[in-house]
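What follows is each chain in one-letter form.
Number of protein chains: 2
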Amino acid sequence: MEQQTAAPEAGAPSDLASQVGVERLFAPESVAVVGASEQGLGHMVFANLLRDFPGTLYPVNPRRPEVLGVKAYPTVDDLPEAVDMAVILVPALQVPDIVERCAARGIGGALVLAAGFAEAGPEGKAAQERMTNLARTSAFPIIGPNCNGFMNGYRTTLATFAIPPTSDRPTPGPIALISQSGGFGAYIMEKAVVGGLQVGWYLSTGNEADMNVARSLAYLIERPEVKVVLSFFEAIRSPEVFLQVVSRAAELGKPIMAVKAGRTSEGARAAVSHTASIAGSSEVYDAVCRQYGLLQAGSVEEMVDFGLAFQTGRRMSGRRVGVLTASGGAGALMADAAEMAGLTVPPLPQPDQDKLAALMPSFASAANPVDHTGAFNPANFEPVLDGLTQSSGVDAVLPLVWVIRDAEADAVKRIYAATDKPMAVAVTIAAPVLAEGGIPTYSDPARAVRALGALARHSAMLRAHERAPVPAPDPDRVSRVRQLLAKDGPRPFVLESVAKQVLAEYGVPVSRETVVGSAAEAAAAAEQIGGRVALKLLSYRLPHKSDSGALRLGLSGEAAVRGGYEDMVRDISAAFPGIEIEGVLVQEMVPASVEISCGLQRDPVFGPMVAVGLGGTLIEIVGGAVLLRAPFTHRQAREAVDLICDRRLGRASRGLSQAQAEIIAGVLTGVGALALELLEVESVDINPIRVDGDVIRAVDALIVVAGGPAGAADAVAAGAAST
Amino acid sequence: MEQQTAAPEAGAPSDLASQVGVERLFAPESVAVVGASEQGLGHMVFANLLRDFPGTLYPVNPRRPEVLGVKAYPTVDDLPEAVDMAVILVPALQVPDIVERCAARGIGGALVLAAGFAEAGPEGKAAQERMTNLARTSAFPIIGPNCNGFMNGYRTTLATFAIPPTSDRPTPGPIALISQSGGFGAYIMEKAVVGGLQVGWYLSTGNEADMNVARSLAYLIERPEVKVVLSFFEAIRSPEVFLQVVSRAAELGKPIMAVKAGRTSEGARAAVSHTASIAGSSEVYDAVCRQYGLLQAGSVEEMVDFGLAFQTGRRMSGRRVGVLTASGGAGALMADAAEMAGLTVPPLPQPDQDKLAALMPSFASAANPVDHTGAFNPANFEPVLDGLTQSSGVDAVLPLVWVIRDAEADAVKRIYAATDKPMAVAVTIAAPVLAEGGIPTYSDPARAVRALGALARHSAMLRAHERAPVPAPDPDRVSRVRQLLAKDGPRPFVLESVAKQVLAEYGVPVSRETVVGSAAEAAAAAEQIGGRVALKLLSYRLPHKSDSGALRLGLSGEAAVRGGYEDMVRDISAAFPGIEIEGVLVQEMVPASVEISCGLQRDPVFGPMVAVGLGGTLIEIVGGAVLLRAPFTHRQAREAVDLICDRRLGRASRGLSQAQAEIIAGVLTGVGALALELLEVESVDINPIRVDGDVIRAVDALIVVAGGPAGAADAVAAGAAST
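Protein chains in written order, with the numbering used here: chain R, 1 to 723; chain Y, 1 to 723.
Keep in mind that the hints were calculated from the coordinates and are not lab data. Possibly wrong hints are sitting among the right ones.
Distance condition first, Cα-Cα at most 30 Å in a straight line; then the derived DSS-like pairs of lysine-lysine [what the hints assert, rightly or not]:
| hint | chain 1 | residue 1 | chain 2 | residue 2 |
| --- | --- | --- | --- | --- |
| 1 | R | Lys191 | Y | Lys125 |
| 2 | R | Lys191 | R | Lys227 |
| 3 | Y | Lys191 | R | Lys191 |
| 4 | Y | Lys487 | R | Lys191 |
| 5 | R | Lys125 | Y | Lys421 |
| 6 | R | Lys355 | Y | Lys413 |
| 7 | R | Lys421 | Y | Lys125 |
| 8 | R | Lys227 | R | Lys413 |
| 9 | Y | Lys191 | R | Lys413 |
Covered by chain R, according to a simulated footprint, are these stretches of chain Y (three or more residues, beta-carbon under 8 Å) [to be verified]:
| hint | stretch |
| --- | --- |
| 10 | 261-268 |
| 11 | 371-378 |
In this text, a Cβ means the ideal position worked out from N, Cα and C, and glycines have one as well.
In isolation and in its complexed conformation, chain R is listed as follows (with noise of 0.2 Å):
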């Protein structure tokens, strides 16, 4: 309960954008490094900063004079100015008193590059919240520890052991990339860089003592120079600002990447103890970065692949691709890649078609995918991939030329200048003219075909994108809610009818009812209801009616609603000696040509996780509801639900008519409030909502609220795993 009851750690994007100090930390002016040496990581990160950081260095160490030629300090009190960083490579257990030290003297931030803290036992651990402490309560801010630190490429400081002293500088460009891990954050590196990417920024998070990957992010996101943002970590602190941060990138056109380690539960078990800290389900993952519009990538080397084709700043408006080749087979199998990654490789306008044909040999293909054949005359393919390029019928173009001329070459070069439209350039081995160009190249076709995919997916993305105001709350509302809660004092769950008089608050159709206290009662509401009725007994004892036989349906005339109530009281009482019957509810029964469930849970990690799926019985079986964190907006509810449909009822030609979806999209809105303004109820269990024409109704309900006996909600959800 703890992420969603806490407030935000930073607010509005633009106060992200602008954390206290840590605009100084990141481009510093003035730089101090703490256990400066003439070998190991105090001599690589020492180098690294001499060999062109445009500022002042300052090397500290009581034990030389000077290091590398510079002069040394003994101590961070001796420094002749506050400077903006200091970057400690000393052991762990006095970094401590050194940050507190360089806090006090005012300088602008640390880097903690030593290992050795909450990794390393409970000594580590008091050390390592001793900084987090000293940078919450002093605008002080810290990266790491036990990271490798980062690069600023645009302002040559290289305030890292992430690249060789010795070795070049990779040339900056437009991308980012953020590691929590900092040994794989520099094979990342090596990988994207030998890759060609234009890597412009490095940063490494670490342990997260303070600076975490989100609120990295935050800053990074804002430059200017940073286009693109490759990432990989294993925990996610700092939810909401992840998310807001996300979402901003979204607006700002940006893609950031990600790879995240703990996705299933071989993966999980080995990032929990690593990080000690809650890997979250990867089904709320996978739904908040599509809601928020995070582009995932199954493996480092598929996030390099696109971050080469999202380098070029080219994006794809739809999602057709023209493919050229020189063998139908190759063409089928990229076709297959295609529709697998969301493209289509659709045939081209016909007169595109007759012009590219009268370029070819009779038996060659130029539909899409065009195969020019073996027997094609290699003087025609500058223009057949010039008429593909532009052909109106295609978004982007992929040739496929195993091994390339170095006329093709040239002439892939000359057409990718003369284009906007974004290419991928499949070639066994690269062609230099084709880097040269800035045209991404790929060494297998499928690896092609799916950062195009790629593109198009973030393009879509764009344009589904839209942030959901947190509603305003209402006062009375709650203060309504929150007496029906507490009227019968702490409790596991809230009865049926309680749960429903919440959920009609928040705009939830439910059925008709009446809670009655004895058979005459219940004779007289069943009469009231019309046609024929359901009897449910309420107690606190039975969260779930049908399993105990607490349910008596499709009672109808007085005898038979009389003789219902008696029969199951007494089954019940015997059933259950000494069991508290609150009452029991007399319910209309209501038809349904499908029935739909809605619920709320709180993740761990994100919060208030709102689900839509198939309801009835056939939840359990068919499983696959789609989740939105709350808040949403109701275009986003509405896409649920036409999700749903599609995915499951579409199959069985039985899905909801226009006017149902929206209902059902307002029921997600309302629970998506309740979320937001009740943040006792840990878990809403809708199930099923009955749809029948223009009859919709939750027919049954549970709410859990926290605050009750302890390991009641265990006991709910034990019971409901049970059923």
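With chain R fixed as given, assemble chain Y onto it according to the hints.
Only chain Y this time, still in chain R's reference frame:
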């Protein structure tokens, strides 16, 4: 229907391996190159053969006395001997005559490299058909046309232009590569060789006038030097041979990997227009791969990755991987990848953990993934990796070593040589020492993990593999059933009452039921059946009774049954004027806790496919039936039933008991026997089979038979689609 009625194109695997003349063609002692020249393809192929073909080589060229210094002959008739193979490079329309002369001359077979046949229009198609007929009638094997030839690396026979004569020949090794597409095949070989595969055989089959992928595989898989096969194809011709070969490869323990184009709708459109053959259903193909043991790869790159692991000859005995890394984050990511690849990364046995922990910093993790952290003493790399490798808790080892140092690479090589466990090393930049040691290396950890996953998957497939004998037909049963089917003459489908009798002959338990012709008979039949009954009106106009009101459920007592009978007959007669009513089925009502469905469809490529899935209306919503090709064993049937239960019912805690699953498996086996005995049955749809305790009954069934009125089966299918 053609596929499953045609006799197999070859018999038992041993016959397949000794296909007449194929050995002579693929391992020739003497070769004539018709169209050998000093430029173009005629030069490339002749030069390739000339450089190291160990047998006798003859250029055939009417316009030159010699080619590249070798005496040339004007025509094949002028050759001094009947060579083992004629390679033919002349224009398409001249080829059939030459092929005929080759066959007449006693030449062993032909490799036709020319294009311009079936892919190029009616004239080319006719030329290709002439070759097909010649090959079949004269036992004269032909490879191609429209291919780029083959390389038998063990006999330095390069009858191909897939490799330029100036480039190095691949080092022959255990890998055979077969590609339907020549151009793409050359690309795959390039990728394979660059990727480190030792390719001993290369073959492209092109238009497959005679030799196709299946028949070529039949030859290759029996070669002792071939240990691993990579394949790429679009269409599967000779599916019977194909499946026998796949089974045979499983028996030999040789993995066949395949990338198939045309698996999606986009890809199928491209493939069908290219090969002019049926793409087939990807669900059926996937099922057949699983059943017979073909390893699918998702892309060419993945197939090469897998090949690298397989060519070592090492196999995984279990699914447990030991991961070694310097980054907890990378370890978690690899554990994720492992789970997705069907592997586990289990904690090591405690004594092994203790041993490793003693060699690493206190905050390292020895559990698995083993994370030695960045603070690790490099001198301990070898003992730590060795300890992990030798642990009884792992079946394979995966070190992730970023940029590997020489000392580390040497250590890996020593440890690899001392174990027989598979290893996959993830390094950003390949180390020559590792390649020398024959150790598979991958530039991305996820790819290394997936390659080990392929080893584990293959071992599991070998363990599960079994050949299902074709059951001996039961002539008496066939004759009884054919009498039943013929009784009413040619009809679009079989009446439910007859379908049940047919199914009962194949051991399918069916509902107790009687066909009656009057209300009085109905009442008497209901009386005899006892309990509540259903009435179903039988008419050839109503294949789907529930849609048309030809169904009354849950009747009991003489009055209700008589009334139901009369109402139904009156209503249907009114709704369908002139309808011929064949009778009314009086059927017991069968309870159900689970409903299952079972069906037979004939796939245009693979023939008789038996499906099992959830029944009732769930089948429409849930989909996801499991498919088996007939014949199959009872164990395979049982596994299919268990899969359905695991996948769908398991979640609902409403699985089948062991005894129930056995009976359902028996239903599958019965339908499989029917599929093989009654080739005129086009489809069977038993839905639902109701299951409750020890009562299991097929309560509805539809059988469609070939030879009904034209379009009848389509009409039945259309009816089904509209329900």
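Cross-check of the supplied hints:
no. : hint                     : verdict
1   : Lys191(R) with Lys125(Y) : violated (49 Å)
2   : Lys191(R) with Lys227(R) : holds (19 Å)
3   : Lys191(Y) with Lys191(R) : holds (20 Å)
4   : Lys487(Y) with Lys191(R) : violated (72 Å)
5   : Lys125(R) with Lys421(Y) : violated (39 Å)
6   : Lys355(R) with Lys413(Y) : violated (57 Å)
7   : Lys421(R) with Lys125(Y) : violated (39 Å)
8   : Lys227(R) with Lys413(R) : holds (23 Å)
9   : Lys191(Y) with Lys413(R) : holds (24 Å)
10  : 261-268                  : holds (count 8)
11  : 371-378                  : holds (count 4)
In summary, the numbered hints that this structure violates are 1, 4, 5, 6 and 7.
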